[in-house]
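Q: This is what each chain is made of:
Protein chains: 2
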Amino acid sequence: MIYPRVALIGLGLIASSMAHAMRAQGLAGEIVGYAKSPETRAVALGLFCDRVTDSAAEAVKGADLVVLAVPVGAMGAIAAEIAPHLAAGATVTDVGSVKQAVVDAVAPNMPKGVHFIPGHPLAGTEYSGPRSGFATLFQNRWWLLTPSPGTDGDALARLRSLLVGMGANVEDMAVDHHDLVLAVVSHTPHLIAYTMVGVADHMRRVSSQEVIKYSASGFRDFTRIAASDPTMWRDVFLTNKDAVLDILGRFTEELFVLQRAIRMGDGDHLHAYFTRTRAIRQGIIEAGQDTAAPDFGRSAPPADKA
Amino acid sequence: MIYPRVALIGLGLIASSMAHAMRAQGLAGEIVGYAKSPETRAVALGLFCDRVTDSAAEAVKGADLVVLAVPVGAMGAIAAEIAPHLAAGATVTDVGSVKQAVVDAVAPNMPKGVHFIPGHPLAGTEYSGPRSGFATLFQNRWWLLTPSPGTDGDALARLRSLLVGMGANVEDMAVDHHDLVLAVVSHTPHLIAYTMVGVADHMRRVSSQEVIKYSASGFRDFTRIAASDPTMWRDVFLTNKDAVLDILGRFTEELFVLQRAIRMGDGDHLHAYFTRTRAIRQGIIEAGQDTAAPDFGRSAPPADKA
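Top to bottom, those sequences are chains V and X.
Everything in the first sequence is counted per this note's numbering, starting at 19 for the first residue and increasing by one.
Everything in the second sequence is counted per this note's numbering, starting at 19 for the first residue and increasing by one.
It is worth saying that the hints were derived from the structure and are not from the lab.
Computed from a prediction, not measured in an experiment: that's the story for all the values here.
Take the hints with a grain of salt, since some may be wrong.
To be verified - Only some residues are given here: those of chain V computed to face chain X with a beta carbon under 10 Å:
#1 Leu198
#2 His205
#3 His289
#4 Thr295
Said to hold, decoys possible - The calculated DSS-like cross-link candidates involving lysine-lysine, where the alpha carbons are at most 27 Å apart (straight line), are:
#5 Lys259(X) / Lys231(V)
#6 Lys79(X) / Lys54(X)
#7 Lys79(V) / Lys54(V)
#8 Lys259(V) / Lys231(X)
#9 Lys79(X) / Lys130(X)
#10 Lys79(V) / Lys130(V)
As the list claims (entries may be wrong) - Partial chain X-side listing against chain V, Cβ under 8 Å, derived:
#11 Leu140
#12 Val215
#13 Val224
#14 Phe240
#15 Ile243
#16 Ala245
#17 Phe255
#18 Tyr291
Where is the CB? At the ideal position from N, CA and C, for every residue including glycine.
Bound-form chain V, shown alone (with noise of 0.2 Å):
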């Protein structure tokens, strides 16, 4: 066991998941919960947590780790309700996908003698709430830190040890590097996804019926992209707009120069601009992120399986 007491703020798919996986492999000894919800402090009772509370701040006293699960957006306010009652000595850490707007909001309410480790597990699924956790979502999967220079070295090690236990590979990054990489791999991909469904939605010659019916065809990798937990991306993108802003800016450029070419009928550009773009698709099935079994045109499988 490697914290006995461990609270977690929020109660959607990743606090779920960490909460199977930790007792999956015997990481901690007390699971408390709170969400803003009852009926989703409800079925976390019944699925994950030892003990639900009705406050954040009742459910961080005397907990070693606490991790924050909630909206980027959430962040500053639940700090701030929990700082008083957090436990000397104890760690805190978040899971939000941009980390400069969660020290921003979470360090300034930190009590001196609490180690306040900023985390991001790049793990998750197009599904959310209580019920959609499971205790492998972190195997194999990266969970990013980023620790001040100051932080405690126990502390720290601590915390890396629990991820590793939930099967991540646990890597530390610096704050600003950190909300530029996941700019680029994923806040910006994310929206060229949903705005690509939002256009086939709006089409008026083309029924969504069929949008669906053919979705084969390249446009379900949107969709399902695009069906992520719409609370979460909001915040990301109000918090994590410069970088996504500038991301942005490069994509709608490269997108008006290879426009240019298909206006223009230069195939050469088209042709050499799309072999390029297939090598980087070969290095991540090298780096194992990915299997290179075909998929894209896959069979949806019998219902059985689904």
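Keeping the supplied structure of chain V fixed, place chain X upon it in accordance with the hints.
A: Frame of chain V; chain X shown alone:
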């Protein structure tokens, strides 16, 4: 057996998968193949063709069904070459992702007594070439046909029975409607994926290694799409120019509205937008075009399963 002799012109992913499927189901007698590259022909002869020829003209002689499985931009020249050698009563079909351009290029070349029925299987993977085919590629996938009002009913029924025999769900569609639907569900999503992968590739501050390392956060689905065959996709964009530019225009408008909401901090707009796009995903799962199983953050499987 539905066709005693089938000629495959072009021996890539689609043609090789057709050959494997026809063999597995006993749908064709002899399968004759032609491809420009001698290496491709040699591979095809070893894997799935009964016979390969040194020219397309030679391949189609005496064939009951001729399948044009070359990039859309190459269809016209091939059609002109094979036309004098087609057997009376033969059916010619194609598997191009764009239909108006193929009709314009192929139909004028077809001799009287030959039945030209354009087609498009909505199936594929990010792999290409004669080794990439497999017999189940078309299982439970759509195969769109765009016959003209004058198409011979018997020839159409026979082709349809071949496609159904390979596991496909066959549907008829008007030529121009096909090109618009595909621009929405396939062509524009591919261009956007190519663009986002290109942006990531060009980023200087974020190393290419990090893009690959952390790709599971959304970017990975884009790279899968953007790894598709460059020649095929170049031709798609050059030949379905009008529909793609139309949808791209809508996409850019929509993206600018979201971009502005991010810049202005309009969280309500973002949340409402992201909530709407979720419903489309649900429709796709209900339509059986994908599974509801969490996949987005999935781990790479062990090497022996990849």
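Q: Are any of the numbered hints broken by this structure? If so, which, sorted upward?
A: none
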